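Trainee: Sequence:
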Amino acid sequence: MPLSEHEQRLFDQIERSLAEDPKFASAVRASDPRFHARRRLLVAAFVILVGLALVVFGTVSSNTPLGVAGFVVMLGSAAFAMQSRRKGNAPADLHAVGGTASRRTRQTRKAGFIDRLEDRWRQRPEGHR
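At position 110 of the sequence shown (counting the first as 1) the number is 110 in UniProt numbering, and the numbers step up by one without a gap.
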């Protein structure tokens with residue numbers, strides 16, 4: 001539903017005032033779950049590299065427990081990254097904070113294989129039943 005002229009002017013005024021407030025913009029950005037998920041993914045990637053270094057160092061120095069510990073660190077960090085990635089896919093209400101905030105439309109989840117088959121079944125011609 002489109003906004004009326006008055007509502008659009010008010011919305012533009014609010015948008016301009018929010019864009020001029022850097023503290024508010026950083027507070028909104030800090031509360032965005034995608035921001036935190038991206039940071040957790042970067043930390044997980046770094047820890048995976050550390051675990052890989054431990055595996056290589058444990059293999060080169062013939063220190064089996066160190067290599068196993070590196071593998072466990074890599075495995076745990078990969079699980080943490082996958083969990084963070086799932087949390088980061090949550091849709092946020094505002095697309096951008098830096099002055100041009102635009103509300104995103106709700107994205108529909110892609111239909112799975114079974115859903116597509118059911119849709120095709122419902123939409124088939126009447127003579128083929």
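Keep in mind that the hints were calculated from the coordinates and are not lab data. There could be a bad hint or two in this list.
As the list claims (entries may be wrong) - Derived CB-CB ranges, DEER-like:
hint	residue 1	residue 2	range
1	10	80	28 to 34 angstroms
2	49	19	49 to 55 angstroms
3	45	12	39 to 45 angstroms
4	11	113	38 to 44 angstroms
5	7	33	38 to 44 angstroms
6	34	59	33 to 39 angstroms
7	45	17	36 to 42 angstroms
8	113	26	28 to 34 angstroms
9	113	46	22 to 28 angstroms
10	57	82	21 to 27 angstroms
11	115	39	30 to 36 angstroms
12	63	21	53 to 59 angstroms
13	4	27	28 to 34 angstroms
These numbers come from a predicted model, not from an experiment. Built from N, CA and C at the ideal position, the CB exists for glycine as well.
Trainee: Are the hints correct? Go through all of them and say.
Mentor: Results for each hint:
1. 10 x 80: 28 to 34 angstroms: Given a distance of about 43 angstroms, which is not inside 28 to 34 angstroms, the answer is violated.
2. 49 x 19: 49 to 55 angstroms: Cβ of residue 49 to Cβ of residue 19: about 38 angstroms, so the range 49 to 55 angstroms is violated.
3. 45 x 12: 39 to 45 angstroms: 40 angstroms, holds
4. 11 x 113: 38 to 44 angstroms: With a Cβ separation near 41 angstroms, residue 11 and residue 113 satisfy 38 to 44 angstroms, so the hint holds.
5. 7 x 33: 38 to 44 angstroms: 28 angstroms, violated
6. 34 x 59: 33 to 39 angstroms: Distance hint for residue 34, residue 59 holds at roughly 37 angstroms.
7. 45 x 17: 36 to 42 angstroms: 38 angstroms, holds
8. 113 x 26: 28 to 34 angstroms: 43 angstroms, violated
9. 113 x 46: 22 to 28 angstroms: 37 angstroms, violated
10. 57 x 82: 21 to 27 angstroms: 25 angstroms, holds
11. 115 x 39: 30 to 36 angstroms: Taking Cβ atoms as reference, residue 115 and residue 39 lie about 34 angstroms apart, which means the hint holds.
12. 63 x 21: 53 to 59 angstroms: At roughly 55 angstroms between Cβ atoms, residue 21 and residue 63 fall inside 53 to 59 angstroms, so the hint holds.
13. 4 x 27: 28 to 34 angstroms: Check passed, 30 angstroms falls within 28 to 34 angstroms.
In summary, the numbered hints that this structure violates are 1, 2, 5, 8 and 9.
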